[in-house]
Every structure is written in structure tokens, then in C-alpha cells.
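Here's the letter readout for the chains.
2 protein chains.
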Amino acid sequence: MESVGGSHQNWLAWMRRALQLASLAEGHTSPNPLVGAVVLDAEGRLVGEGFHARAGEPHAEPVALDQAGDAARGGTIIVTLEPCCHQGRTPPCTEAILAAGVRRVVVALTDPDPRVAGGGLQRLRDAGLEVISGVLAAEAAHQNRAFLHRVRTGRPWGVLKWAMSLDGRTALPNGESQWISGPSARSWVHGMRAQCDAVIVGGGTVRADDPLLTSRGRRSPEPLRVVFSRSLDLPAGAQIWDQQLASTLLGYPIQAESALSADLRAVVQAQGVAMEALDASEPELLLTALSKRGCNRVLWECGPGLAAAAIQQGCVQEIEAVIAPKLLGGELARTPLADFGFTAMDQVLQLRDQDVMRLGDDLLMRAQLT
Amino acid sequence: MESVGGSHQNWLAWMRRALQLASLAEGHTSPNPLVGAVVLDAEGRLVGEGFHARAGEPHAEPVALDQAGDAARGGTIIVTLEPCCHQGRTPPCTEAILAAGVRRVVVALTDPDPRVAGGGLQRLRDAGLEVISGVLAAEAAHQNRAFLHRVRTGRPWGVLKWAMSLDGRTALPNGESQWISGPSARSWVHGMRAQCDAVIVGGGTVRADDPLLTSRGRRSPEPLRVVFSRSLDLPAGAQIWDQQLASTLLGYPIQAESALSADLRAVVQAQGVAMEALDASEPELLLTALSKRGCNRVLWECGPGLAAAAIQQGCVQEIEAVIAPKLLGGELARTPLADFGFTAMDQVLQLRDQDVMRLGDDLLMRAQLT
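Chains A and W supply the protein sequences, listed in that same order. Using my numbering, the first residue of the first sequence is number 133, and each one after it goes up by one. Using my numbering, the first residue of the second sequence is number 133, and each one after it goes up by one.
I should point out that these hints are in silico values taken from the structure, not numbers from a laboratory. Quick reminder that beta carbons are idealized off the backbone N, C-alpha and C, glycines included. Be aware that one or more of the hints could be misleading.
[What the hints assert, rightly or not] Okay, the calculated bits of chain W under chain A, using three or more residues with CB under 8 Å as the criterion:
| id | segment |
| --- | --- |
| 1 | 192 to 203 |
| 2 | 292 to 306 |
| 3 | 461 to 472 |
[What the hints assert, rightly or not] One side of the interface only, derived from the structure: several residues of chain A facing chain W at Cβ under 10 Å:
| id | residue |
| --- | --- |
| 4 | Thr302 |
| 5 | Ser309 |
| 6 | Ala388 |
| 7 | Leu392 |
| 8 | Ile455 |
| 9 | Ala470 |
Construct all of the structure, not just a fragment, from the sequences and the given hints.
If you want it as C-alpha cells, here you go:
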């Protein structure tokens, strides 16, 4: 039996199922990772399934073990991330596994959280269980790339989204931009927001578009709406200050505080908008603050200046570009990104893992920054 | 038998074969259309195939009928375009069909050439043959869209091609543009040129890039290289004046003639570069001239100013945009198209029939202008 258990091959299908279970909570577990678990009895029959639904709720392992009950004894638990061995908001999962009498633990990824970091697997090995790790590790790392990135860098995974015409324009020369993309693409944006913990715009977008920035109910609670303003020159009547639909955070450099108008101060205080004073007007400082507020993944929906600054500070890991079958033209028309100062083709930013899908008449091209 | 013959359904597979035969000469038949033909004997067995290979060479029908010989008697000819009934460089195909003793003629499209225009089918009906037309007419019209467009408008079908980064840039702010796209896309461009009768650039492209503009031997003869220059301020040492690899035509407004430098005049005359003086510097006048020179399809490989002017004058029917997985950035970086003067989203140019394919790491998005 040792040799059967030891082969990764035997666990691929079950690990795929565990990854599938984990994905059901996509966008809802921050600051925690996505985790899914499957429990088999001693004869290898499926007796329990579970996933981590939301921070503060039970981890995947106890959910699956509870479903299995006594049938877990002598069986196997397949889990997408190393079980935790520390007391958090919930008890350590290693102890739940030992209590259930499971004989074998199959894991995709080691948990990079310094409170775990291999300690969970060691605890299980020390207790005499067979431990197999690294099964579908790449797939699991891709699924939890936002969480892993935050743990590694202290900043959430950044997704930069824009919609442009086939000739690379995000607005007409007069600033008009509604709507370049079609209804399917706009609906996709709402879904994308639902996968993120925060949606960030600059002051210019608030002034020009007065956006709502919600997922239109696809996520509950709605993602945090973040206005990143260098000047605090913002309209007091903007929709985004209304906190009934969704919460808003106003990020700004501490130096700008005196520029806050009495009108805006009154609205922000009355509505309970969160304020985040930063040492400087830097995207990376904003993201560090959002990481501390529990964000694993943020969506940049900003203009070319802030987008280019965010890229330059390593705050964007993924591009999602909607390309509409239209031609706008125009030397003065807005484009997705401001200057990087490149003077030779070998300096430009290379994207990888590019992929394309259709959104109605529009095309979505997504890629990761190298 | 009349009812069997009369149903389009019976002829779809054979018409597809005829279209396939026609496509073998793609890019080589101008100013003539693409035409393919299949001959079946009286029992419905394939006895002849043919296509029109090049202007001045035999039409598809006599090629297929020659192959069939006596077996054509009492049989059927399936042909993608109405047989001609006039004496051109070759004798009328209607007479060849009658001489072969064919009993039934199945056709996709009526020939819009005013010398034919239904007259070919009428001649065959009058002679007592069964004539079925309209079989796969849409497919046949798509295949011959360049020829049909030229007959309808007096101007060749225009394809506008560009390569840009994912943020819509065709060059860095300093003008550097080699290479945005990868080797597969550059090889695809050579193939695209081979499908066209002429490749058009503006003077700016000759000055900046000194391009060769050939299909790298994929078409023989190479497509005509056209330099469209408003000012005739062109380098006498440009590669494009060398007529050994390919022929070149210099199009310019008659008013600019006095600006032609002695150096350039000497080179152009020594090399035998064709000159086309136009009444004004208008893309549509250039295309009318190219139509008279037998061009069915031209490829615009020009900068944003000429590209926008060509679109505005209805000289572009199809866009082929290569999108590279790179970010260039830059307010001053070149984009595909100059201003159209649009001020509202309902004025912008809509594309249709958009399609996407991969070219190595790059993406090709193609669409037609409505």
C-alpha cells in the first residue's frame, strides 16, 4: 500500500476535485487562501468534501472530515494546501486530522504562511501519518497566486483592466469613453470585480465618470472601492461616497490633507468613508495598506498615468484588456498607459501566459507581467 | 432527374471542391476573379477539375472540360462563377461547355462583369441546358470579395495592416518600431503580401524604415510596391527603387512634380520605376489608378496619417491588426490611426466579422469595416 500511496499519479483526479471545491469560494476568502479538501475512506471511496468558504468560517479540512464522520478512520484526506498547525480564528487543522484517525494526507502546496511553512506536514509525519506533498502543485499555486503573492511581497496581487478600441484608444479626444465595450464585456467587468477584494480608481476617474464600481451584487459584501487621490480635489457629490451599496476607502498622501474641502470632509465623515493617509502618493504604499486590510487581490480600473505608475512600482501582475471591434482614431485620444520612458525595444515590458477569449463582439486578451 | 438536379443540397459538396480549387490561385489571378470548376459524367462521377491560374491563362471551365474529354457528354459542370460569354484573351466558356455536350451547369455566383452579368447563364439556358445558380453563393462572394469590390466600385479591395503592443502602440516615442511583433507575425506579413497585387506605403515609411516590402519570394512576380508621396521628398538611395527584386510605382500629386530632386529623378529613370501623377494627393485617386493597372487587392502598410485618410475615403475594407504581448506606454508613442474628428461614441467606425488567430506569441485580430 505504501507504494500505491506514494505515487502522485494516484491522487491527481482527487486533487483536481479538491481544487474545484476550493475555487467555489473564489474572491471570498481573503485574507485567507482558497482551500479545498476531499476525504476517502480506508477503501478509497469518497466520504467527505469541503472548502473554505470565507475568513472566520471553518477551514476545508474540518468541513470535509465532519462530512465523513467515522468513515474517515484509516482513510485519506486530499487537500490543496498544507493543513495549518496553529490556533487562528479556528483550531489547528492538523489536530482535527489526527482526531479523525486519517492514515494518509495528500497535499498540493506547502503553506507559505510563516506560522505554518511545513510545520503542519511535519506535525502529521511525526504523528505517524503518511504524507504526500506536491500533487498538482503548479495548478494549486496558480489558483492561489493572489494569496501567495501577498504572503511573499506584503502587497495584494494587482490586476489592471482596460477597454480599448482595436486602434488602442480608451477614449475619444474629448474624453468620451462610454461605452467602448459591449454589454457582455461590461458584465464581465462586474464578475471580475466580484473576484477582487478592492477596486482602485484615481481622482481623475471619479471626476470624469462618477463611477459606482460595484459588482452589481455578484459579491457580498461588495469589494472595497478605493479612490487614490494625489490632490483630494474630488467632487463631494460623487456616487462613490454613498456607503449603502458598498464601502469606500479614500487613500491620499498625508501632505494633501489640508487640501480636503469642508464639503468633502463633511460627506466623508457623515457617510463613514474610510481614510488612509499615506507617506507619499505611491501605488505601492497604497497596496501595502490594502494588504493590511486583508486584500489578496485588487483591480486597477484607472487612467493611463496611475496605471503606468502602478506597473512601474510592481503593483500590477496581470493585464486584462478588452478590445472592441471599433476604430476611434486620434492623436489626442486617450490610450491605456502613460510614458515609461523606453527608448529601445529591448526595454519594453514583456507579457507572458497570454490568452484570449471572446466577450460578445469584444475580445479579452489577458496576460501576466514577467 | 430534374428534381434531383434542381436541389442545391445535391451540389454543395462539389461546389465546395470547386471553391477549394479556385483558392489555389489566391493572389495570382488579378484583374480576373478566382474560379474553380468540377466536371461530373452522366452517372455523377468526377471526371475533370480545373481552376483559373493566372490572367491570360485558360479559364477554369475549359481546363476541367479538357480533363474530362468525352466523359463530360451528358454530364454536369459545377463552377464557382458564371461562365463568360464574351471573347476576351480566351474564347467564351459558354461555347466550350456547349461543345463538350454537358447537360447541366451549376453555378455559385453571377458574374458582375457588365460583359457577362447573367448573359452566360442565359446563353446556356437558351441552348437547352439545365442551369442551377446560387449554390454556396455567400461563400463564393467572400472568396472573390476583392474582385467583386473592384468591379462594383472601380477600386481594389483595401487591407490595412499594422502591428502594435497590447497598449496600442506602433512605435516608441522616439519612433523605434523594430520589432514589435515576433517572427511568426513577420512571416505572416510576407504571406499577406503574397495575397495582394500591391503594397502601399507613404513617404514617411520610406524615409524612416527603408523597407523592402516584398513577399520574400512567396509570390511571383512580387506584388507591386507603391510609394504614395505628397511631397516627393524621398531618399534617392532607398532600397525600394531597386527594381531587381520587385517593381515599384511612385504615386504623387501632379503639383509636387517640380519638387522631384535631380538625384531621385535620375535613380527612378535609370531603374524604370513607374510614375503615376494624380490630380490630388488622395488615396482614392491612387486606388483608381491601381485598379486600372489590374489590382484587385492592395495592402496598406502605412503610418497613422495615411491610414486614417485611406479609411476616410473608403479605401480600406479590412483591418489586420497584429497585437504583441508587450507594453510600450507613452503619450507621444505612435498609434495605428490619426484623428477622425469623432466627438461621440456613436460616430466611431464599427468593425464586423471580427476573428482572432494566434501568430506565435502574437495575436492577429482581423475584421471588416462596415
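Hints versus structure:
no. : hint       : in the structure
1   : 192 to 203 : violated (count 0)
2   : 292 to 306 : holds (count 9)
3   : 461 to 472 : holds (count 11)
4   : Thr302     : holds, 8 Å
5   : Ser309     : holds, 8 Å
6   : Ala388     : violated, 24 Å
7   : Leu392     : violated, 30 Å
8   : Ile455     : holds, 7 Å
9   : Ala470     : holds, 6 Å
Hint violations for this structure: numbers 1, 6 and 7, all remaining hints satisfied.
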